[in-house]
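Order-wise, the sequence lines are chains A and B.
For the first sequence, position 70 (counting from the first letter as 1) is numbered 70 according to this note's numbering, and the numbering increases by one without interruption.
For the second sequence, position 69 (counting from the first letter as 1) is numbered 69 according to this note's numbering, and the numbering increases by one without interruption.
Hint data in this document are derived by calculation from the structure and do not stem from the laboratory.
Among these hints, one or two may not hold up.
As the list claims (entries may be wrong) - Restricting the straight-line Cα-Cα distance to at most 30 Å, the calculated cross-link-like pairs of lysine-lysine (DSBU-like) are:
1. K108/A to K85/B
2. K108/B to K85/A
3. K19/A to K108/B
4. K25/B to K32/A
5. K120/B to K108/A
6. K120/B to K19/A
7. K108/B to K83/A
8. K121/B to K83/B
9. K165/A to K32/A
10. K32/B to K25/A
11. K95/B to K120/B
12. K19/A to K25/B
13. K108/A to K19/B
14. K108/B to K95/B
15. K19/B to K25/A
16. K132/B to K94/B
17. K32/A to K132/B
18. K19/A to K85/B
19. K3/A to K25/A
20. K32/A to K19/B
21. K32/A to K145/A
Said to hold, decoys possible - Reference listing, derived: stretches of chain A covered by chain B, where coverage requires no fewer than 3 residues with Cβ under 8 Å from a Cβ of chain B:
22. 27-40
23. 205-219
Given the structure is predicted, the values throughout are model-derived calculations rather than measurements.
Using N, Cα and C, we set each Cβ at its ideal position, and we do this for glycine too.
Protein chains: 2
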Amino acid sequence: MFKPRAIAVDIDGTITDRKRAINCKAVEALRKLNIPVILATGNIPCFARAVAKMIGVSDIVICENGGVVRFSYDGEDIILGSKEKCIRALEELKKHFYIELLDFDYRKSEVCMRRTFDIKKAREILKDFDVKLLDSGFAYHISDKAVSKGRALIFISEHIGVNLKDFAVIGDSENDIEMFEVAGFRIAVANADERLKELADLVTPSNDGYGVVEALEFLGLI
Amino acid sequence: MFKPRAIAVDIDGTITDRKRAINCKAVEALRKLNIPVILATGNIPCFARAVAKMIGVSDIVICENGGVVRFSYDGEDIILGSKEKCIRALEELKKHFYIELLDFDYRKSEVCMRRTFDIKKAREILKDFDVKLLDSGFAYHISDKAVSKGRALIFISEHIGVNLKDFAVIGDSENDIEMFEVAGFRIAVANADERLKELADLVTPSNDGYGVVEALEFLGLI
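Required output: the full structure, derived from the provided sequences and hints.
Okay, structure coming up:
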């Protein structure tokens, strides 16, 4: 039986419903754990640290799909990706689509856009750029190819001295794939991206946050 | 019996415990309400909007103790106070104390500091400045005298067309006083500042978020 020494969990679509409201059962379950719980999100650092504070888990967060890592509420943003690369790609996309930017000034390592254009076409346009175009299910992200939630998890595992094989990860979307590729045990929630479910050691019966509770029960943590 | 048409509620110390972890009973109670729930905090706009999204209440938030108001998650920060005034006062305080700044770059209308110096002495030093020095219980804030949660609530009531006398407000600390002075019904939680309790129409038996649930029950909303 797998016994995690730390957990990394996505926020939107994993511990929240489709409206992004948090599941209180998941909050209470995560809060009870006596191992580090690392929130891993595509959202901005000040969103991630707020959610970590509200849930009452460790202040260690992966933000901007791995472009930024934080270790304490009042600590520094550790920036792992190049926003400049992403802005160059954005300028190219603007020639082809009307782009609505989200939190541009708050983002430290990437560019986030409303899901208003054809992402397949956009990926073709950007094929020669050193960036990737992610769909979190809530927004599109232009992200430095060098960053991912997986790379960020490697960075954190070295920093806190917990081996990657001792991490359980819980997610729902394609921006969780690299985290699944490096972690010891992978859990996809019921509403997860099919590719994520293929990589998963466990697919939960439920979604909207209840899947997280089921996952923690399966792991014998609650 | 008072029937509120909208509610404004402080975050830290009111819907959270001392560690700032949110009370899930309060979250579920607030989420159920079919009237606007406005979060009113001394924290920064991106913290407030994250908490509003997580709780699943209206995206209308009062931030920085009234220095900033927001009406939608992806909307603008409406800035009601002068950060420049606060920075001039900060420069004066730095001559007398070692000051540890909090979220300086994220704050749009004020300056926030760790509670590491004598606030009474600091208030004396700043008596001729056009600012006020607030203690939220979690941090000290240098704030433009022109702003308060009360002024911000007036601004919001006009914007959403709900009369101030139809607002119930719930809070715990001195930065909630001006909001208490303008609202129709005032609720202080058990751990509230004594001056706030004196102004209150209701003081709840409990704290750590349970007081919010008691307040909503008292108002017949849940």
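Evaluated hints:
With a C-alpha separation of about 28 Å, the suggested pairing of K108/A with K85/B holds against the 30 Å cut-off. For the proposed pair K108/B and K85/A, the alpha carbon gap of about 28 Å is at most 30 Å, so the pair holds. Taking the CA atoms of K19/A and K108/B, the gap is near 28 Å; set against the 30 Å cutoff, the hint holds. As the CA atoms of K25/B and K32/A are separated by approximately 16 Å, the hinted pair is consistent with the 30 Å bound.
Only pairs whose Cα atoms come within 30 Å are accepted, and K120/B paired with K108/A is rejected, the gap being roughly 38 Å. For the suggested pair K120/B and K19/A, the alpha carbons sit about 45 Å apart, so the restraint of at most 30 Å is broken. The suggested pairing of K108/B with K83/A holds, with an alpha-carbon distance near 23 Å, which does not exceed 30 Å. Simply put, K121/B and K83/B have alpha-carbon atoms about 22 Å apart, close enough for the 30 Å limit, and the pair holds.
Note on K165/A and K32/A: the hinted pairing holds, with a Cα-Cα distance of about 22 Å set against a maximum of 30 Å. Taken as a hint, the K32/B and K25/A pair is honoured in the structure, with Cα atoms around 16 Å apart against an allowance of 30 Å. This hinted pair checks out: K95/B and K120/B have alpha carbons roughly 16 Å apart, not beyond 30 Å. Restraint check for K19/A and K25/B: satisfied, since their Cα atoms lie roughly 19 Å apart, inside the 30 Å limit.
Between K108/A and K19/B the CA atoms are separated by roughly 28 Å; this keeps the pair inside 30 Å, and the hint holds. Distance restraint check for K108/B and K95/B: the Cα-Cα separation of roughly 23 Å lies within the 30 Å cut-off, and the hinted pair is therefore satisfied. With a C-alpha separation of about 19 Å, the suggested pair K19/B and K25/A falls inside the 30 Å cut-off, and the hint holds. Restraint check: the Cα-Cα separation between K132/B and K94/B comes to about 16 Å, which is no more than 30 Å; the hinted pair holds.
Between K32/A and K132/B the CA atoms are separated by roughly 40 Å; this puts the pair beyond 30 Å, and the hint is violated. With a C-alpha separation of about 39 Å, the suggested pairing of K19/A with K85/B is violated against the 30 Å cut-off. Between K3/A and K25/A the CA atoms are separated by roughly 21 Å; this keeps the pair inside 30 Å, and the hint holds. Taking the CA atoms of K32/A and K19/B, the gap is about 14 Å. The hint holds against a cut of 30 Å.
With a CA separation close to 36 Å, the supplied pair K32/A and K145/A exceeds the 30 Å bound. Look at the segment 27-40 of chain A against chain B: 3 of its residues bring a Cβ nearer than 8 Å to a Cβ of that chain, three or more, so the hint holds. Look at the segment 205-219 of chain A against chain B: 0 of its residues bring a Cβ nearer than 8 Å to a Cβ of that chain, fewer than three, so the hint is violated.
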